[in-house]
Amino acid sequence: MKVTLAMGNGGEENLELIERIQKFFHNDYLQKAEDATPLDGIEKPVMTTDSFTISPLFFNGGDIGKLSIAGSCNDLAMMGGRPLFLTFGLIVEEGFELKMLDKILNSMAKELKINGAKVVAGDTKVVPKGSVDGVFINISAIGERQASLSQRNIEEGDVLLVSRDIATHGAAIFAAREGIELDNQIQSDCASLWPVIEELMENVDIKAARDATRGGVAAVLNEWARARGLTMEIDEESIPVSEPVKGICEILGFEPLVLANEGTFVAAVSSKEASRALEILKKHNPNAAIIGKVGTQYPKKAILKSPWGTKRFLDMPSGEILPRIC
Amino acid sequence: MRGMEVELKELYERFRDPEAIKALAFKIEKEAQKLPYNINIMEVCGGHTHTIMKYGLLQLLPKNIDFIHGPGCPVCVMPKERIDHAYILSQKEDVILCTLGDMIKVPGSLGSLQDARSRGADVRFVYSPLDILKIAKENPDKKVIYFAIGFETTTPMTAALIERAKSLGIDNILYHINHVRVPEVMETLLEDGKARIDAFLGPSHVSVITGSKIYDIFAKKYKKPVVVSGFEPVDVMQSILMIVRQFNEGRREVEIEYKRSVTRNGNLSAQRLMEKYFQRRDFRWRGIGDVPLSALGLKEKYSHLDAEKVYDLPNNPIDDHKLCICGDILKGLAKPKECRVFGTACTPQNPLGSCMVSSEGACAAYYKYGNIL
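If you read the protein sequences in the order shown, they are chains A and B.
Using this note's numbering, the letters of the first sequence map in sequence onto residues 1 to 326.
Using this note's numbering, the letters of the second sequence map in sequence onto residues 327 to 699.
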């Protein structure tokens, strides 16, 4: 069965579609079925919104549903926020397979559980064929801050870490789009980061964290350098990149540092906390690594140091690297 | 792809091996102490400029060796009036304009192809010219125009596309040919004489096609050492060492460092294919000016496939921005940082001149990698 325009008409078919969707997200808030949902008091609220338009909708390591929940909850987590409530807007193309829609909704529900968050409001629109590419999802999410993580806390001497090997999402999507087949399929890192951030916050005085989505690790480092007027000094050798990702990057001429991630973050901690932070990160992914430190020599720049003793700027990525990867 | 993976791994482990790079730096340092005078090496190809900047190789070299960045960046040397051709063609009714990579973002006087696309033109970029066969087959009622750019590296692919289209009976592809050649522009720079070029780092991929024999004239007539180098940092360091040794041993020769791909005679079947469809023509190089017979165009008998002949396109030269010194940079007379607008009014996002537009351009490489010394 396919989604029809009638399912967006506000009538009987519309109700059926809404019920079909609701059963994936069943909770007390949704059950009230009011025009808007009253929420309980939230201390130190933190809020975000994000839209998801990825092509292909299903990829190795996830789908648009998983990506949308993980992506928006990760934004909260990076600010030290425990994800609590989400709303979503679903825009579906006429003719989209209902079975596929169920699969996406199921992924969303699974990812919500990992974050301990609830959907409290939703909206669905069906648009004529060709108006969107399958499904677009917008999510707004609100959480409660457990610690004040912020780029403002970053200082000279801090140590920079990544939570796992980088660039798998960008590489997986590109391989899928270009029909590049590899012996070892690259799996997107698409994942919720709240569990690892929560454990990290409980054990380490973590100053800042940012998930390295579009623009990759390079974008995060440049944003931090600019925001603080400091230098992010990275040892090229220490950046974890898997062999298949290196291979794709060689073929297509990309740098892993600018490719997108969907479940990888960069963290800044004081130097005395670094080894403890690494220990915790490694429990979640053995490829986590210390990649560099914060200096002052080149204000507002990220610097890449080669193993043969030279250095260069690590530039902010620009232009069209990959359209619609998230 | 297993075979490919092994090769790739070898590439980035062997030819980017830190110990090898350090050892070569040490050898160059030692050998360079014997140099009778400071030497300027021109790396002809933008790919080498990129390697030198990306891997910070200048930081490893002694003070008496310097690099002059050459004109070997296909997008950088495209004059604005020809970029305008692409824009104008893309605006024609029932036209799909196809081109390679960076070309899509270079602004001419009317805008870039990216701008054309946002105004509704059907502009597509392809990884391989042969992808155009599929586009042409799927759109029989449209004219597909291939805006072909590049040095000898990409020229055989264009010839192969023409040949394949002919044998498949696909007749809705037209060609706008901007294939340029390396030797004539190298000679122009030497004849110009203003820049002190002591030796050349020969292009990698161009030489795979042409063979190293095209550089004989530079060693024989102009007494300049030429070393054809691969694109990896170990290749470039090894090639620098070979050049320094030529000076110290009083030799002026064409040598091949990139032996894993380049021979003296090159790829003969690719050369035959090029000769079948193309003939030499004059070309106006952005920043450098008119260089006789330095480019290729379609032969007379294929003029019905030639977009420049089929459509009426303006050919008045359009000058670069007054403050831009790309001409001097391409000729080896100035370095990007000597330009007043470098990194301020001229950035990769808003380039004023040719060397900032393509990622292979010298200004773009300096901007991106910082030229930290």
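Hints may be right or wrong, so weigh each one.
Away from chain A, derived, C-beta distances all over 10 Å, residues of chain B [stated by the list, open to error]: (1) P344; (2) K348; (3) A351; (4) K356; (5) K380; (6) Q385; (7) K389; (8) Q417; (9) D420; (10) A447; (11) V452; (12) E464; (13) G613; (14) D616; (15) I698.
The calculated DSS-like cross-link candidates involving lysine-lysine, where the alpha carbons are at most 27 Å apart (straight line), are [said to hold, decoys possible]: (16) K293(A) - K547(B); (17) K129(A) - K463(B); (18) K348(B) - K311(A); (19) K635(B) - K663(B); (20) K348(B) - K305(A); (21) K305(A) - K468(B); (22) K300(A) - K463(B); (23) K661(B) - K311(A); (24) K300(A) - K380(B); (25) K663(B) - K389(B).
Hints in this document: simulated from the structure, not taken from any laboratory.
All residues carry an ideal CB built from backbone N, CA and C; glycine is no exception.
Okay, the hints, checked on the actual structure:
Chain A draws P344(B) into its interface by the beta-carbon criterion, the shortest separation being 4 Å against a cut-off of 10 Å. Some Cβ of chain A comes within 10 Å of the Cβ of K348(B); the nearest lies about 5 Å off, and the non-interface call is violated. With a least beta-carbon separation of about 7 Å from chain A, A351(B) fails to lie farther than 10 Å from that chain, contradicting its non-interface assignment. No Cβ of chain A comes within 10 Å of the Cβ of K356(B); the nearest lies about 17 Å off, and the non-interface call holds.
Its closest Cβ contact with chain A, about 7 Å, brings K380(B) to no more than 10 Å, contrary to its assignment away from the interface. Listed as outside the interface, Q385(B) is inconsistent with that label: its C-beta sits roughly 4 Å from the nearest C-beta of chain A, within the 10 Å cut-off. Chain A leaves K389(B) outside its interface by the beta-carbon criterion, the shortest separation being 16 Å against a cut-off of 10 Å. Here Q417(B) stays apart from chain A, with its beta-carbon at least about 21 Å from theirs, past the 10 Å limit.
In this structure D420(B) is separated from chain A by more than 10 Å, as the shortest Cβ-Cβ distance comes to about 21 Å. Look at A447(B): its CB is around 16 Å from the nearest CB on chain A, clear of 10 Å, so calling it non-interface holds up. Listed as a non-interface residue, V452(B) keeps its Cβ farther than 10 Å from every Cβ of chain A; the least gap is roughly 12 Å. No beta-carbon of chain A comes within 10 Å of the beta-carbon of E464(B); the shortest separation is about 17 Å.
Listed as outside the interface, G613(B) is consistent with that label: its C-beta sits roughly 23 Å from the nearest C-beta of chain A, beyond the 10 Å cut-off. Distance check for D616(B) against chain A: the nearest CB is about 32 Å away, which clears 10 Å, and the non-interface claim stands. For I698(B), the requirement that its beta carbon stay farther than 10 Å from each beta carbon of chain A is not met, with the minimum near 5 Å. The suggested pairing of K293(A) with K547(B) is violated, with an alpha-carbon distance near 53 Å, which exceeds 27 Å.
A distance of roughly 25 Å separates the Cα atoms of K129(A) and K463(B); the hinted pair therefore holds under the 27 Å criterion. For the proposed pair K348(B) and K311(A), the alpha carbon gap of about 14 Å is at most 27 Å, so the pair holds. Between K635(B) and K663(B) the CA atoms are separated by roughly 41 Å; this puts the pair beyond 27 Å, and the hint is violated. For a cut-off of 27 Å, the pair hint linking K348(B) to K305(A) stands: about 14 Å separates their Cα positions.
Taking the CA atoms of K305(A) and K468(B), the gap is about 50 Å. The hint is violated against a cut of 27 Å. A C-alpha spacing of about 50 Å is found between K300(A) and K463(B), which places the hinted pair above 27 Å, so the restraint is violated. The suggested pairing of K661(B) with K311(A) holds, with an alpha-carbon distance near 19 Å, which does not exceed 27 Å. The straight-line distance between the Cα atoms of K300(A) and K380(B) is roughly 19 Å, inside the 27 Å bound, and the hint therefore holds.
Between K663(B) and K389(B) the CA atoms are separated by roughly 18 Å; this keeps the pair inside 27 Å, and the hint holds.
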